[in-house]
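**Q** Fit chains B and C to the given chain A structure using the hints.
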Amino acid sequence: MRESRYWILSLGAAVCLVVLLGIHLSIMHLDTLLAYLGVVNADPLHYQAVMARGRSGGWVLAYILLLAFGLYHGLYGLRSVLSEVVSPTGQRLLTWAVVAVGFIAFTWGTYVVIKSSLMGGV
Amino acid sequence: MRRYNNRLGIRGWIYAGNYGLERYLYFLHRISGLGLIFYLLLHIGVTSARIYGGAAWEQTMSLLSGPAFKLGEYVLMAGAIFHAANGLRLIITELGMCIGTPGRQEYPYVSSVRKQRRLMIVVMIIIAVLLLISGVDFFIL
Amino acid sequence: MANFRIQRYDPEKDSRPYFQTYEVPVEQGMSILDCLFYIKERLDATLSFRASCRMGICGSCAMYINGLPRLACETQATSLATDTIEVRPLPNYEIIKDLVVDLSPLFEKHQRVRPWIIPYELEELDRPTKEYVQSPAELEKYLQFAYCLKCGLCLAACPTMATDNEFIGPQALAQAFRYNSDTRDGGDAERIAVVDTLHGLWRCHMAGACAEVCPKGVDPALAIQLMKREAVFGKKKERARLVDPRCGVTPLPGIPKAPEPTVKRSEGKR
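Same order as they appear, the protein sequences are chains A, B and C. Just so you know, the working numbering puts 73 at position 73 of the first sequence, and the rest follows in order with no gaps. Start counting at 1 in the second sequence, then tack on 122, and there's your number in the working numbering. Start counting at 1 in the third sequence, then tack on 263, and there's your number in the working numbering.
This is chain A alone, in the form it adopts within the complex (with noise of 0.2 Å):
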């Protein structure tokens, strides 16, 4: 595939992580704001609070986004990144060392996404 094509597909990755990123981070960290507009959001971060998000449908679509836009648009900077300190020899290399960071941290993700879906009673 043409170098072109991953870019574009990066910034598509962007835009959509400034929308779920967005939403995540105000839910986790903004409560006062959230307040504000109406949004009760008490300890978000409480085992309880986790899990019952972990359990609904769109939290779980949401977070497996998240996960596939971040380590892809993520992944593609690093090697952008890092593509221009390491040696020629070197390039091939990088390509797969962040292939397979991203294949074994987005296995990883999805297992724990789905896993706690699963787990019913808390």
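One or more of the hints may lead you astray.
[Stated by the list, open to error] The calculated label-pair distances, taken between Cβ atoms and stated as ranges, are: (1) C:A456 - A:A35: 51 to 59 Å; (2) C:T345 - B:V168: 48 to 56 Å; (3) C:T341 - B:L193: 46 to 54 Å.
Bear in mind the hints are in silico, worked out from the structure with no lab data behind them. Backbone N, C-alpha and C fix where the C-beta goes; we use that ideal spot for every residue, glycine too.
**A** Same frame as chain A, but now just chains B and C:
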């Protein structure tokens, strides 16, 4: 004949002369992006504690609390806000918008960087406002 | 009087560059290049620098002057508004001696993008039968980029060039865009294949330093971003029409004849 290699190296990403702010944003974008991807990998590992039950989760969370981690979380959020807003500016300019079109140049030349500078300033103001709002929410309220 | 701090390096004697200071009586109207000539003629004949036209056309005297890569001939000494002027060779190249750097990577990368018109019909190139018609609007799509001097300032300014030896660089990318935007040219696919690579277009992240330092307003940053869009979304290219050359035209009545040329073309030449 011997040559002296004058390549600036990584130092040249950070500083190479009296350029406009965009060249420094290039480095900040890079550093914040590297920080975020390494945090994402860490985050995937840490949050997977929940599949080992409530006790394991609470233990991990208590490990990661305290003022130092709170500050660290804010720095990460600041990095994400900067990377997102500056990234949107880069998407706009790199797709050829807000940087003008080719044409006859007359001295003094107005370059594409100068043409997008207003956009850059607006983005920087947005970043500052978002950092302020999230900072107040984080530490004060 | 101005103090010139000049970076010196002699490959036969020095293991690394050092600075030497000269006092030059700067007057209104003296360019940095004039000052360097003053030093070479009156103070220190061993100082090496490259210069030719003294008027911003040849692109030989590119140097790093007081924190920015600039042409020495186009930089007025008084415009820097300081008494200490630091002159160094361009960064991101190899230093041959003193202020002279090896620009061959620039030329090699320039060549890689095929900076010439690749016509649709090769026969037309070798044995032209007709003329290309290009409107002023079509000309202005690439004219700005055609003013490139190959001075190499943009590669010295580019942050990616600071580490990435393989990066094809703003100069070559701008030239690829210049020829791709030419309606006489049909070599888009060949050039896109060269620049749509890991070390091509996508190593530019719009730091804009190249556009800031360009002494001719070529604006490589603009060319690169526009080319990114074309590489991703493709483009519809207009093709220059081929028309018969105008000959044997009879002017309309009432139009005065052109005056006789004052310089006669010498016979035999032609």
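**Q** Verify the CB-CB distance for T345 (chain C) and V168 (chain B) against the hinted window 48 to 56 Å.
**A** 53 Å, holds
**Q** Does the Cβ-Cβ separation between A456 (chain C) and A35 (chain A) fall within 51 to 59 Å?
**A** 56 Å, holds
**Q** Does the beta carbon distance between T341 (chain C) and L193 (chain B) stay inside 46 to 54 Å, or does it fall outside?
**A** Because 49 Å falls inside the window, the suggested range holds.
Violated hints for the displayed structure: none, as all numbered hints are satisfied.
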